[in-house]
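In order, the protein sequence lines correspond to chains F and U.
Residue numbering for the first sequence follows this note's numbering, beginning at 1 and increasing consecutively.
Residue numbering for the second sequence follows this note's numbering, beginning at 1001 and increasing consecutively.
These aren't lab readings, by the way, just hints derived from the structure by calculation.
Treat the hints loosely; a few may be bogus.
[What the hints assert, rightly or not] In silico contact screen, one side only, chain U against chain F (beta carbon under 7 Å); selected entries:
id	residue
1	E1021
2	A1033
3	H1083
[Unchecked claim] Covered by chain U, per the in silico footprint, the following chain F stretches (three or more residues, Cβ under 8 Å):
id	region
4	20-27
5	42-49
6	70-83
7	114-124
8	185-193
9	198-212
Each residue gets a CB set at the ideal place from its N, CA and C atoms; glycine is no exception.
Protein chains: 2
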Amino acid sequence: MTAVNEAKREFTACVLIIGNEILSGRTQDVNLAYIAQRLNTLGIRLREARVVADIEHAIVKAVNECRAAYDYVFTTGGIGPTHDDITSECVAKAFGQRYVVNERARAILLRRYANPADLNAARLRMATMAEGAELIENPISGAPGYRVGNVYVLAGIPKVMQAMFESMAHLLTGGAPILSRGVSAELAEGVIAADLTALQGRFSELDIGSYPWYRQGRFGTAIVMRGTERTRIDACAEELKVFMRRLGGDPRDEEV
Amino acid sequence: MTAVNEAKREFTACVLIIGNEILSGRTQDVNLAYIAQRLNTLGIRLREARVVADIEHAIVKAVNECRAAYDYVFTTGGIGPTHDDITSECVAKAFGQRYVVNERARAILLRRYANPADLNAARLRMATMAEGAELIENPISGAPGYRVGNVYVLAGIPKVMQAMFESMAHLLTGGAPILSRGVSAELAEGVIAADLTALQGRFSELDIGSYPWYRQGRFGTAIVMRGTERTRIDACAEELKVFMRRLGGDPRDEEV
Chain F
1 MTAVNEAKRE FTACVLIIGN EILSGRTQDV NLAYIAQRLN TLGIRLREAR VVADIEHAIV
61 KAVNECRAAY DYVFTTGGIG PTHDDITSEC VAKAFGQRYV VNERARAILL RRYANPADLN
121 AARLRMATMA EGAELIENPI SGAPGYRVGN VYVLAGIPKV MQAMFESMAH LLTGGAPILS
181 RGVSAELAEG VIAADLTALQ GRFSELDIGS YPWYRQGRFG TAIVMRGTER TRIDACAEEL
241 KVFMRRLGGD PRDEEV
Chain U
1001 MTAVNEAKRE FTACVLIIGN EILSGRTQDV NLAYIAQRLN TLGIRLREAR VVADIEHAIV
1061 KAVNECRAAY DYVFTTGGIG PTHDDITSEC VAKAFGQRYV VNERARAILL RRYANPADLN
1121 AARLRMATMA EGAELIENPI SGAPGYRVGN VYVLAGIPKV MQAMFESMAH LLTGGAPILS
1181 RGVSAELAEG VIAADLTALQ GRFSELDIGS YPWYRQGRFG TAIVMRGTER TRIDACAEEL
1241 KVFMRRLGGD PRDEEV
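So that you can see chain F by itself, here it is in the shape it has in the complex:
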């Protein structure tokens, strides 16, 4: 691959949120939005996410489908010590690897207990994973995450997941950071849609999203432009503002 191709290459990712608590509605996931925003800055495009139940064949299937389809897969959840934490067995099975105690992970866990006997069989599961996994540091609660191939296995607790992500983010290879800009006006989507379609045609390398809003009895549309070149995003925003004004709107920049 030439250097030019490498520079233009898109790096893609998928997030697998593993856990019945998300699918039962007990827990509101917040990990996806965190990872999504961090991947923007790293120049990695998050193309898909799946929420998977604590069912072995479902996890194995999702891991295998997604690691084949994307450059990076990030899993969250299911790496604790209890019977419903089955992510690690499943990842090992997906890779056809042995599921073994990682001695470095075991040593990390041992340092956390005053009495070595506290590292019981259940807790030792937090150090058991696919053979050859590379550990990801957990500065919050000790028990590490890890990487196998292109699959990064992270905790489900947001604070722990974020700390794990930050401890390995510098190892991820991405492209140019994905930049975005938002412009909003009190115009209905149906009023701006035709001009917006034409705008997307002229700026085909940008991802232009249209999001209607209602607040305090007023309604309008927020347009978000995403891409890697600031000058193109800004040129697009200027053309957008021109037709928004022509249609009677008062466009304003908006945080995205």
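Add chain U to chain F, keeping to what the hints say.
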């Protein structure tokens, strides 16, 4: 199928959250948790969710994989009038149906505009869908959702999605409602894990989840038991409390 088998049958569902704004981290999805909780009461098990980009082949593939695998598929997002709203074209394509103006939907939209010319080409897309689709009422903003086969196509805006869901929820066939109960104690997961595994073995028809928590400098574990028989859930909770007390905890019921 005998009546007994029918009563025991599990009804399953998948949610497809369609939209780049979730994958970019701009928007925090809240539709999944709403649908999940409503499906519990309807006796339908939410087995999977996917967040899919606004990319035709990705949406078509997800719709086809999930409608084959689950009794119900609920999609959210991508049914507005702008260029990035491509859910309806994709659902029609997934079913191999023609993508046509639905005259009932067109009449609903026309009633919302003082001037018929306001129903422009972009807005007419909100009435264009797979041939033979059955409409789902939208009491908030007019433009309807619809059903094609076992796929229910709903809006992305939470208030609108919820209103659409409620206008058709009575048409969904499910099993016994899925009940849950939570018990929490200031005990580490690693301390209760072995007893919990044995408990899950004795109550194999229940789904027992274990969720560590940290609040105000204290830590503990919340156990959530889910199933369709209240007496079994309560019996499980009593056994759980017995071993939590034996391990030094003070178990308390907790909202789930």
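Hint numbers not upheld by this structure, sorted from lowest to highest: Hint check: nothing fails, all pass.
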